[in-house]
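K.L.:
Given next are the chains, with one letter for each unit.
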Amino acid sequence: SQTIHQWPATLVQPVGSPLSLECTVEGTSNPNLYWYRQAAGRGLQLLFYSVGIGQISSEVPQNLSASRPQDRQFILSSKKLLLSDSGFYLCAGLRQGSYNEQFFGPGTRLTVL
Amino acid sequence: KNQVEQSPQSLIILEGKNCTLQCNYTVSPFSNLRWYKQDTGRGPVSLTIMTFSENTKSNGRYTATLDADTKQSSLHITASQLSDSASYICVVSAGFQKLVFGTGTRLLVSP
Numbered sequence: 001s002q003t004i005h006q007w008p009a010t011l012v013q014p015v016g017s018p019l020s021l022e023c024t025v026e027g028t029s030n031p032n033l034y035w036y037r038q039a040a041g042r043g044l045q046l047l048f049y050s051v052g053i054g055q056i057s058s059e060v061p062q063n064l065s066a067s068r069p070q071d072r073q074f075i076l077s078s079k080k081l082l083l084s085d086s087g088f089y090l091c092a093g094l095r096q097g098s099y100n101e102q103f104f105g106p107g108t109r110l111t112v113l
Numbered sequence: 001k002n003q004v005e006q007s008p009q010s011l012i013i014l015e016g017k018n019c020t021l022q023c024n025y026t027v028s029p030f031s032n033l034r035w036y037k038q039d040t041g042r043g044p045v046s047l048t049i050m051t052f053s054e055n056t057k058s059n060g061r062y063t064a065t066l067d068a069d070t071k072q073s074s075l076h077i078t079a080s081q082l083s084d085s086a087s088y089i090c091v092v093s094a095g096f097q098k099l100v101f102g103t104g105t106r107l108l109v110s111p
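As you go down the protein sequences, you meet chains L and B in turn.
Take the first sequence: its letters are residues 1 to 113, numbered as in this note's numbering.
Take the second sequence: its letters are residues 1 to 111, numbered as in this note's numbering.
It should be emphasised that the hints constitute simulated quantities derived from the structure, not laboratory data.
It is possible that some hints are incorrect.
Partial chain L-side listing against chain B, Cβ under 8 Å, derived [what the hints assert, rightly or not]: (1) Gly41; (2) Arg42; (3) Gly43; (4) Leu44; (5) Leu90; (6) Tyr99; (7) Glu101; (8) Gln102; (9) Phe103; (10) Phe104; (11) Gly105; (12) Pro106; (13) Gly107; (14) Arg109.
Listed next, the stretches of chain B that the computed footprint assigns to chain L, with coverage defined by at least 3 CB atoms under 8 Å from CB atoms of chain L [to be verified]: (15) 39-51; (16) 101-111.
Fair warning: this is a prediction, and the values are worked out from it, not measured in the lab.
Here a beta-carbon is modelled for each residue, glycine too, at the ideal position from N, C-alpha and C.
Input sequences plus hints: build the corresponding full structure.
P.N.:
Below you can see the structure in the form of structure tokens.
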């Protein structure tokens, strides 16, 4: 079965520090991968998606960047975190089929102090 | 503007009771509508997906309905259990890569 792994589960970082969140997928090859942010009381916001190695599309201008160094690896990064970067970050993959359903990882809770 | 609105924002019910969550959308073009369950601090898990031609779909005690004419969907939970306590998110697909998320209904099932 297709599974998304994310780490760490929680992270507390000071303002101005760098960030690296990792997402890996198993059970499928060449998947479309997505990074979402979920703020408290808000819907999920799509940050980046990738259809293949080295291919990144950004949905909103922001302080974050994404990279796809390997087929099953998707990384979310920042050089200098802002307070507004706090939130719950979810990585998702696309389950190929008639519905093109997205399946999600367990998420990373990021708190920037 | 593509939007998905869910109601109520939060709901408390007694264990064993039924409940219905609502989702209204203004998304075009419409591809499909999904309901996800999200436990606190976890990623969303898919419950049902319906296309334009499907007006009801069940997954155990969860039954989703879709009225494409009025652009409304509902999620009915039967004989609620404590483990049903979670946020339920309605998501409408406007085509490949274009998902519009509702803000969710937070359900608390009380013993």
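K.L.:
Which numbered hints turn out to be false for this structure?
P.N.:
Of the numbered hints given earlier, the structure breaks none, since each of them holds.
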